[in-house]
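Novice: Just need the whole structure built from these sequences, with the hints factored in.
For the record, the sequence lines run as chains A and B.
First residue of the first sequence: 1, per my numbering; consecutive thereafter.
First residue of the second sequence: 1, per my numbering; consecutive thereafter.
Simulated from the structure, these hints should not be mistaken for lab results.
Just so you know, not all the hints are guaranteed correct.
In silico BS3-like pairs for lysine-lysine, Cα to Cα no more than 30 Å straight-line [claimed, not checked]:
(1) Lys157/B / Lys176/B
(2) Lys254/B / Lys176/B
(3) Lys61/A / Lys36/B
(4) Lys36/B / Lys221/A
(5) Lys157/B / Lys254/B
(6) Lys156/A / Lys221/A
(7) Lys221/A / Lys254/B
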Amino acid sequence: MKEKLADEPGARCFFDIYFIRDQFLAFLYYGAASLSICAASLIGGGVIGAVLCLMHFSRLKTLNAVAGVLVGAVRALPELVLIFWLYSCLPLITGVTLNALSTGLISLSLFAAAYLSEIFRAGLLAIGIGQREAGYSLGLSRLMVLRLIILPQATKIMIGPLLNFMCDLIKASTLLSALSIHEMSFYASSLGAETYKYLEIYTMVGAIYFVVIFAMSSAAKRYLARRELVLAS
Amino acid sequence: MSFVIRSRSSPTTPYDTLAGVIIAGIVLLTLLFGVKWSFVLALDFSVVSMYARPLFTGFLMTLGISLFSLFAGSIAGILLAVAYRAGSSPVRWLVSAHIEIWRNTPLLVQIFWVHFALPMLTGISTTIMVSGVLTLTLQASSYLAEIIRAGVASVPKTQWEAAESLGLHPGIIWRKIVLPQALRVMLPPMVNTAFSFFKGSTVLSVLGVTELLRMGNIISLHSHKPIEIMTTVGLSYLAVGAIFTLISGFIERKISR
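Specialist: Quick look at the structure:
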């Protein structure tokens, strides 16, 4: 960190703007770390969530039940409990030692999978049966109906809830700092313990999170409102 | 409701059976080779009864924190919604800013801001408990204000006009016409919010408030039995989740009737 001169105006001010200027790049770096954690768990959660969604639509009752119980349990558990349970119990049960980052990624992926499978399911269910039947009557196969008719329509329905969920995922990713994973809120708390400039640090961190999450949630809101307008007309 | 239509138009394929076999295979292989059965079978859940009292204290703490912050938050939320409805445009702008700020930042950052940064502004230092509950209350107020605002806005304007043209007193309009209709819209998201604040109370453990999760962490370190203790903690959260599901199902049935 840059040595501060006594005659710099920020040094005497109770809100040290020069401190923010010096630390801004570091915060952007850790913000990128946070975002990549979110992206990784979104991808992992998307894959697991797609499998859970398929299990839900399967004709085998056991698969339906398993998917239902898994999704329900993960959604009902607080994220932090999930994180700590996996952190303290998974290595003991499986005998595989995991570092904090992989435990965090696994728990966020599970969290994402439960919510994403519900989003996928709602999107697929929103497409009427008539669409499928029309596809079959044209002689398309099951996969072609899914690929050409259902998915293009379902993705449009899913975009809004997906954006909303990404906000929740970014918020949940801050909880990984409880495992000392180096993401933005962990950097904030360690820098705060070092410099005691909590006001500057947490105001800046809050502002960065706010900009990203607010942009996403208002995009989702606007998208959903426009869709409703289209559907109403 | 099922996505797969069981009709003649759906060509039957062996996909489902194949998927079932593959998933069952994966699960079986994981259970066979991924789990240390000698360890899992030796688990001794009688430890939990030894620590039942502190765990229950933690559970009561969690309940108390979430109930209190929901209660205080709903009062603040009602006031905010009323201010938004009745206030001039700067008041509306302030209320919206409050709602958006508390809804669009992570709870953890809010808690740290309130605990560490706010005392620098106000000069009053707060204990971890006070700042945790204060944060939850502020966040609850913003979520509930948004729900109440949307609920009241969902009552069509014609209802107000009809009631006014009948010459009804504003108090009666609220009590007999607006609120019964708005509550139908408001109750389901309110129950969801209540549950999410019950879940959110775990974040206070990061500050050091000894609610159920932190109590579980402490005990599992003390007793060297993390699986038994943490699983019990998780199951108690799930039990409360099940109760909330029952309540919201009950309310939805009441409303749709």
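Novice: Hint by hint, note whether the structure agrees.
Specialist: Results of checking the hints against the structure:
1. Lys157/B / Lys176/B: holds, 15 Å
2. Lys254/B / Lys176/B: holds, 18 Å
3. Lys61/A / Lys36/B: holds, 29 Å
4. Lys36/B / Lys221/A: Violated: lysine 36/B and lysine 221/A sit about 47 Å apart, past 30 Å.
5. Lys157/B / Lys254/B: holds, 25 Å
6. Lys156/A / Lys221/A: With Cα atoms ~14 Å apart, lysine 156/A and lysine 221/A stay inside 30 Å; holds.
7. Lys221/A / Lys254/B: Given pair lysine 221/A, lysine 254/B holds - Cα atoms ~29 Å apart, limit 30 Å.
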